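Sequence lines, in order, name chains A and B. For reference, each letter of the first sequence is one residue, going 7 to 363 in my numbering. For reference, each letter of the second sequence is one residue, going 248 to 542 in my numbering.
Wrong hints could be hidden among the right ones.
[Stated by the list, open to error] Here are some of the chain B residues that sit facing chain A, going by a computed Cβ distance under 8 Å:
#1 Leu282
#2 Ser341
#3 Ile343
#4 Leu349
#5 Tyr508
#6 Gly512
#7 Leu526
Read the hints as simulated data drawn from the structure, not as lab findings. Just so we're clear, the structure is a prediction, and the values are computed from it rather than from any experiment. A virtual CB, placed ideally from N, CA and C, is assigned to each residue, including glycine.
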Amino acid sequence: MPCGLFFSRYEKDDAIFQTTWLKVWMALLFVFLLTFPLYADQANGLLGLNLTNMMNLIFIYIVGAHGLNLLTGYTGQISLGHGAFMGVGAYTAGILANLGWPFYLALPAAGLMAAAVGMVFGLPSLRLRGLYLAIATMAAQFILDYAMRNWEGLTGGSAGLIVPSADLQGLGIDFTFDSDRSFYYLALVFAVLATLYLKNLTRTRTGRAFVAVRDRYLAAEVIGVNLFKYRIMSFGISSFMVGIAGGLWAFYITIISDEHFTMWLSVQYLAMIIVGGLGHVLGGIFGAIFFVVLPELLRLPAEALTDIYPSIFGIFASLREMVFGLIVILFLVFEPDGLAARWHTVRAYWKLWPFSY
Amino acid sequence: MEQFVQLIVTGLVIGSVYALVAMGFALIYKSTSILNFAQGEFVLVGAYVCLWFYSGLGLPIVLAFLLTMCFSVLMGVVLERLILRPMIGEPIISVIMITIALATVIKSLVTIIWGTQIMVFDPPIFSQKALHFGFVRVSEVYLWTIGFAFLFLGVFAAFFKFTRVGISMRAVANNQVVAQSMGISVKKVFAISWSIGALVSAVGGILVGNINGINSALAGFGLKVFPAVILGGLESIGGAIIGGLTIGVLENIMGSYLDVYLGGGVKEISPFIVLIIILMVKPYGLFGIKEIERV
């Protein structure tokens, strides 16, 4: 029995699914995801949660988190503005949908708009690194946030913007993604596409250039990687993905207001990829799951405690933020590589168990 | 014209508090290379703790102030030891994220303890009586604020320049390895930097709390510090002071003249527009050290 992966050809090393077992597991996972809404209802009754709704949110956040992971995890550029870029996507999709665009055109347009905005605010990345870039994108977050709140003619201001549900009327099919269950499949498609895209990108010339820019940007420039091009490109692709996530969010929630796309969302995105694992495809997935499930898990004990301490609901929002902050701190201090690294260690341990040396 | 001068004067008052907080921020960055996103939360905690000692426990203001200073120093030391020291040598993203997470925790703790209602120093420490200088009208509390802010700025400037600890801090900021080999404890300097950073922020919080009252929005001060330090240059303490004053005046002027066209709240974001422009034009600010890259 082999106790590790030994590739004899480069194609094998490069493959997306490297082993047969991986393919089998992936196929099983895929079948599970496809049939999930069928047994979600029974599970909902048991757990007192709305699992389909949670899965939809997870899928949307996966698309966005992959976007940020591409920028921060793979290219090493920090962005504190992704919450606002998601907002740009959401508002673009919402406004276009209100103008009568079908969702399959409004969604890419949302991505492109977010990409354009992201690239403009990514421009300083050529001259600035690390700390300065974080500050620049933070400023972008505040400026965009302000525009979303105060440009009432366009965004509806703090009253919000109502978005019609996504439908396929334009294609001659009478179908509307207006329930949790139908939207589940739409979101699943985008989450899978985003994941495959990120996984694939890391195997290409562009992906390797991104990693080179992250690891040793001077050396990368010396061997002919155009720093400006790849940094801006990374900002573009990343904002495109987060814009798509924003568009999906708009079509799912169907009412968008500026309150959702604040600094707090940007911080949450960063927390997702840090807790999940920077520079791992799995990172965005684990992170999104973690931060959608966590508030629900906190809600259950809080509800149970309301009988004893009725005031707990008043401070629940603050309590949730505190737990969130503590978790990020604990992860950074004790597990800086995130859940993805932990996953790999656990898997390696069981693979070799009981002879782990 | 009268309005313009009035705006400059009130801008300078708020700017002096920005300068104070920005000095703490620049100090922490200079000696530990950590960008402290929790600076605004230090302001918040300082203000609330002082308020609690003063209005809650009814202590005299001098005592409440001194106790708040002790608390801030202690908080700075503890946070540095527990949370920030493990971050030495970690990538920038982790360091940035940990201070953001710290800010989240502190802010939510403050909200849990003191709620979100606006609170005021009761009875007021300084009188609100207006004084007239020619056509400029300044309330007394503003004069106290700017006076105290400059007092603290002066004290700490002298501290860095003349005292032994101050000189060792400058040495560490200049070169950690050399400083260490000269027998300076870098760890101690880090702890001192954090406690001074927390202390001056607390002073800023108390001063502003006197003017506007205290609620969690006060943490926004920590964010306004970024434009100030970027304008002055991240590594420069003098630059942070000049930057703070400039941003205070600028936001006041832009806020009152542009609000009509852009509809409310320009004051809140104008510092960030300035920040973006500075980063595009002169990224290392007025007195920052331009990074020279060698292959």
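Structure-based check of all given hints:
Because the beta carbon of Leu282 (chain B) sits about 5 Å from the nearest beta carbon in chain A, less than 8 Å, this interface hint is met. The closest approach between the C-beta of Ser341 (chain B) and any C-beta of chain A is roughly 5 Å, which is under the 8 Å cut-off, so the hint is satisfied. Satisfaction of the interface hint for Ile343 (chain B) is found here, the shortest Cβ-Cβ separation to chain A being roughly 5 Å, below the 8 Å cut-off. With a cut of 8 Å, the hint placing Leu349 (chain B) at the interface with chain A holds, because the nearest CB-to-CB distance is about 7 Å.
Interface hint at Tyr508 (chain B): violated, since its Cβ lies 11 Å from the closest Cβ of chain A, which is beyond the 8 Å cut-off. This hint holds: Gly512 (chain B) has a C-beta 7 Å from the nearest C-beta of chain A, less than the 8 Å allowed. Here the hint on Leu526 (chain B) is kept, as its CB sits about 5 Å from the closest CB of chain A, short of 8 Å.
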